[in-house]
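There are 2 protein chains.
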Amino acid sequence: MNAPDPRLSINQATIKHADLATALRVTAEAGVRAIGLWREPVQEVGLRTAASMLTDSGLRFTTHCRSGFFTMPEGPARRASVDDNRVAIEEAATLAAAGAEGSTAILVLVAGGLPEGSRDLVGARERVRDAIGELAPDAAAAGVTLALEPLHPMYASDRCVVSTLGQALDIAADFDAAVVGATVDTFHIWWDPDVLSSIERAGREGRIATYQVCDWKTPLAADPLLSRHYPGDGVIDFASLTDAVEATGYDRDIEVEIFNEEIWATDPLIAVQRTAAGFAASVSPHLRTRVAS
Amino acid sequence: MNAPDPRLSINQATIKHADLATALRVTAEAGVRAIGLWREPVQEVGLRTAASMLTDSGLRFTTHCRSGFFTMPEGPARRASVDDNRVAIEEAATLAAAGAEGSTAILVLVAGGLPEGSRDLVGARERVRDAIGELAPDAAAAGVTLALEPLHPMYASDRCVVSTLGQALDIAADFDAAVVGATVDTFHIWWDPDVLSSIERAGREGRIATYQVCDWKTPLAADPLLSRHYPGDGVIDFASLTDAVEATGYDRDIEVEIFNEEIWATDPLIAVQRTAAGFAASVSPHLRTRVAS
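Residue numbers (full-length UniProt numbering), protein chains in the order written: chain H, 1 to 293; chain W, 1 to 293.
Just so you know, not all the hints are guaranteed correct.
With the Cβ distance kept under 8 angstroms, some of the chain H side facing chain W (calculated, not the full set) [to be verified]:
| # | residue |
| --- | --- |
| 1 | D120 |
| 2 | L121 |
| 3 | T164 |
| 4 | A222 |
Here are the simulated BS3-like cross-link-like pairs (lysine-lysine), alpha carbons at most 30 angstroms apart as the crow flies [as the list claims (entries may be wrong)]:
| # | chain 1 | residue 1 | chain 2 | residue 2 |
| --- | --- | --- | --- | --- |
| 5 | H | K16 | W | K217 |
| 6 | H | K16 | W | K16 |
| 7 | W | K217 | H | K217 |
| 8 | H | K217 | H | K16 |
| 9 | W | K217 | W | K16 |
Listed next, the stretches of chain H that the computed footprint assigns to chain W, with coverage defined by at least 3 CB atoms under 8 angstroms from CB atoms of chain W [to be verified]:
| # | stretch |
| --- | --- |
| 10 | 154-161 |
| 11 | 185-197 |
Hints in this document: simulated from the structure, not taken from any laboratory.
Ideal Cβ placement from N, Cα and C applies to all residues, glycine included.
Could you build the full structure based on these sequences and the hints that come with them?
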């Protein structure tokens, strides 16, 4: 087996059932250079320990996943969410500092769905903008980029009221590009008739915080959250999307983040190796730039 | 129980397990004035008989559902699809002529998904435009309006490569508005950040062939095709969407089309009555115009 692409980063969700130690170990063992972490397994061992484990792994840190969920109206739940987002910002900064050279302090934000009983999608979206306005000074102070992630419209009601990259960019536009960017995830935006022009715009505006790849295949899993696949196993045209991202000058790591029961049931080292193989076949041929290896 | 809204039309799919005779009977019995039919139950009795049954029912005919499915490249399958679409155009014209005064000769078109093994979404969309170009002269000659229906992006790969109303309008723009319009279905487009401006545009360009309502609720059904609900049972804001449609001057019938195993298992008369009640509560308050009753 060839060495994995030096720009590949394994998002920890791809091997969800591995604890942090295992995730770091198998990622490094597979020859992958970078990892994106999730808050829960980090908190399980504690931030300080997690940072130290990350340093020892020699891996670059690419993103911290994930925070957000701030569509609710003002009140204690909204305050708790903002406070928790501030904790996540600190976590992202700490982990990025602990990762190998080339690590990036990026916190992925998922907006959240419609509040219970509400039909006011427009209002929920405005509250996303408001929350980011509250968090931006903290992120700036910590040197963290908030990466607002549009999610596929099938999640618009219960998970994320931000459904297109264009919409994420419209929200980000109110803020400094070093502080608020967007997550460009192929699974969520591949269907969008404006996807290529939105990627071009995101690049022009300096907003591509992270590029993430996984594939779309039908029939969808019964739980549509778990319907993500290895790159190449579905119908997404990684050539045109990756070309568009690369054309903006994006030259950082690219995460593969897969939620899939079957992949989660796979031995995590094998899952990482398969991810690397899918990436090499479907994404690597379209990369213009490579990190120093 | 109050009389159903005079602008309500029952799309036959809502009571899928009823044959044509039953569908016509329960719709009329519930006091509903209009119906949209599906090709299969019409073909089951034969077009001439179906037309005669429709005339006898006294109901208006609103749409014929559905045709399209022409994303495949040139070849026998594409020729068969175009030929079948021509048959559907004739059916729509015949049924509209057989329905009560105020009937509309509208054929709903669903584009189709990516051809097997293809990742070329852009090409598939262009083939939709090409097919409509072939069919438009037949539709014009028959006095039928082709109502291209954007489907929710969760169906983009396997059912419909046209995912937004704006995209449908871009395709329709090549053709006479009397011949090619769009289906505006709340379930498919409610999440779109551009939905209100796209409806305004559709009205301005004379392209709202039919307005259809049903609701969105999570969790989605395991088969996402069957996840449609009675108006009012989910999270769609029928106020803003219906206001936008009405503001364009749309004053025709409004269909409720629901695919839902539980509703299909309901006695069809009761399902029609519940549909009428949901419509009265969620949609009627936002209607400016009423058909003569």
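Now the hints, each set against the structure:
For D120 of chain H, the shortest C-beta to C-beta distance to chain W is roughly 7 angstroms, which falls under 8 angstroms, so the interface hint holds. Because the closest C-beta pair between L121 of chain H and chain W is about 7 angstroms apart, less than 8 angstroms, the hint holds. At its closest, the beta carbon of T164 of chain H sits 6 angstroms from a beta carbon of chain W; the interface hint therefore holds under the 8 angstroms criterion. Hint status for A222 of chain H relative to chain W: holds, with the closest Cβ pair at about 4 angstroms, below 8 angstroms.
The straight-line distance between the Cα atoms of K16 of chain H and K217 of chain W is roughly 28 angstroms, inside the 30 angstroms bound, and the hint therefore holds. For the suggested pair K16 of chain H and K16 of chain W, the alpha carbons sit about 41 angstroms apart, so the restraint of at most 30 angstroms is broken. As the CA atoms of K217 of chain W and K217 of chain H are separated by approximately 23 angstroms, the hinted pair is consistent with the 30 angstroms bound. Among the hinted pairs, K217 of chain H with K16 of chain H is consistent with the structure: their alpha-carbon atoms are about 20 angstroms apart, no more than 30 angstroms.
Between K217 of chain W and K16 of chain W the alpha-carbon distance is near 20 angstroms, which keeps this suggested pair within the 30 angstroms criterion. Closer than 8 angstroms: that is the beta-carbon criterion, and the stretch 154-161 of chain H has 4 residues meeting it against chain W, so the requirement of 3 holds. Interface restraint, the stretch 185-197 of chain H with chain W: holds (4 residues with C-beta to C-beta distance below 8 angstroms; minimum three).
Of the numbered hints stated above, the single one contradicted by the structure is hint 6.
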